[in-house]
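From just these sequences and the hints, can you work out the full model?
Each residue of the sequence shown is one higher than the one before, starting from 1 at the first, in this note's numbering.
Among the hints, erroneous ones may be present.
[Claimed, not checked] Taking lysine to any residue and the SDA-like style, the derived pairs with C-alpha atoms no more than 25 Å apart in a straight line are:
#	residue 1	residue 2
1	Lys36	Ile228
2	Lys412	Leu105
3	Lys313	Leu288
4	Lys372	Ile52
5	Lys313	Lys412
These are computed hints drawn from the structure, not numbers from a lab.
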Amino acid sequence: MCDSQTPGPTKGLMIAAPHSGSGKTIISLALLRAFKRVGLDIRAAKAGPDYIDPTFHEISSGRPSVNLDPWAMSPERCRYLAGMQAEAQDFLLVESMMGLFDGALDGSGSGADLAHALDIPVVLVVDAAKQSQSIAALVRGFRDHDHSIRLCGVILNRVGSNRHETMLRHALADIDVSVLGAVRRNSDLELPERHLGLVQAGEIDSIEEFIETAATQIADECDLESLIKCFQPVQGAKLQTGKKPNGMVPPPGQNIAIACDQAFSFIYPHLLSDWRNQGAHVSFFSPLANEGPGLDADAVFLPGGYPELHGAKLSNSNQFISLMEKARLRDSLIYGECGGYMVLGGGLIDKKGIRHQMLGFLQLETSFEKRKLHLGYRIIEPLDRFFAGSILRAHEFHYTSAIKQNGSALFKAKDATGNSLSDQGLIAGNVMGSYMHLIDAGEFL
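Dropping the structure here:
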């Protein structure tokens, strides 16, 4: 196994699946820890606009993960970030999103698109729980659907028995597809979920034990040697020193204070890295710990997360409220997205119908009482001082609704196919926000 770590370029591999719920996140976490155990310098990335999975990646690998979004980012930007994430001689494991060929409304921006941009092979995780010989037709379809994608094998997940495994292996042998693992059904290898996906890693007390258990099973039931051989050199795109990478979102200020705790946790690592690379200083505070932005902050960012689960605590965080008011009065730019946008409003109604007083900086009331899914990629253009002149790419994913929203809009918006949507968000002086999660600048369109 040590022979696989010879000097050379970064090597990458994508873990994908035919559909969501196949178990690719658990398999990815287990593989990251199993590879780390055998001495691989393994790094991780997540395809698409996912905040939660990268935090699990970090725990499993011991290294921060990064988002690579093939819809919101140009291929060059994805390659640049992949190269920054994993230096020469590293191994980069990329977890795909949804199904391998699932993307935006127009079909673009899929995991397959990212695999093609990085020129890395794919291992398909197939939920085999309710099929036997039919698996051959399914895998053949994924293998042959796009010949630019290199399928190096499959991991069979939720296999019921030795007999079941034998049937599956025989079926796949007939189409000449390698079986790289057969993972037995195990109810202990399931993570709790919430309305926006998995429960956050920091909320699971036994997460380390869970990952260790999963890694042990994967090491026993998968061919790690063959999986390591599947890694292939990543198509890199490092930029010359001093050259600004395409897609960087400009920082909202020079001293940016960012809310960061279980209520405000949806922050893309590449945004923070980009802002630091552009000379901004980034600091953090916890509203749930009754902290607020420092007095030197000229910009305050309230990211998304789960404020709807902490309404009472936030409404009683007096120091947080006071320091936010001071930031507003000294004309610091205050920006909130999704959950942060809700906290900038006057009130938030939780799932029990209880209204919690929020900051009241915007004429906005939001409610989680009657859940309604709002989901999709967005192309947005600021209407005022916030990143004025930029075309930005963003993602919308929330179950709360704005039941009252008055004032000037922050963004013009289009969906992924370019169709115009209603204006989004609100701006009142130096306070602004929307449900949009910024991902990257969109000048490459």
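Against the structure, the hints come out as follows:
For a cut-off of 25 Å, the pair hint linking Lys36 to Ile228 stands: about 12 Å separates their Cα positions. The straight-line distance between the Cα atoms of Lys412 and Leu105 is roughly 19 Å, inside the 25 Å bound, and the hint therefore holds. Between Lys313 and Leu288 the alpha-carbon distance is near 7 Å, which keeps this suggested pair within the 25 Å criterion. With a C-alpha separation of about 20 Å, the suggested pair Lys372 and Ile52 falls inside the 25 Å cut-off, and the hint holds.
Between Lys313 and Lys412 the CA atoms are separated by roughly 33 Å; this puts the pair beyond 25 Å, and the hint is violated.
The structure shown violates just one earlier hint, number 5.
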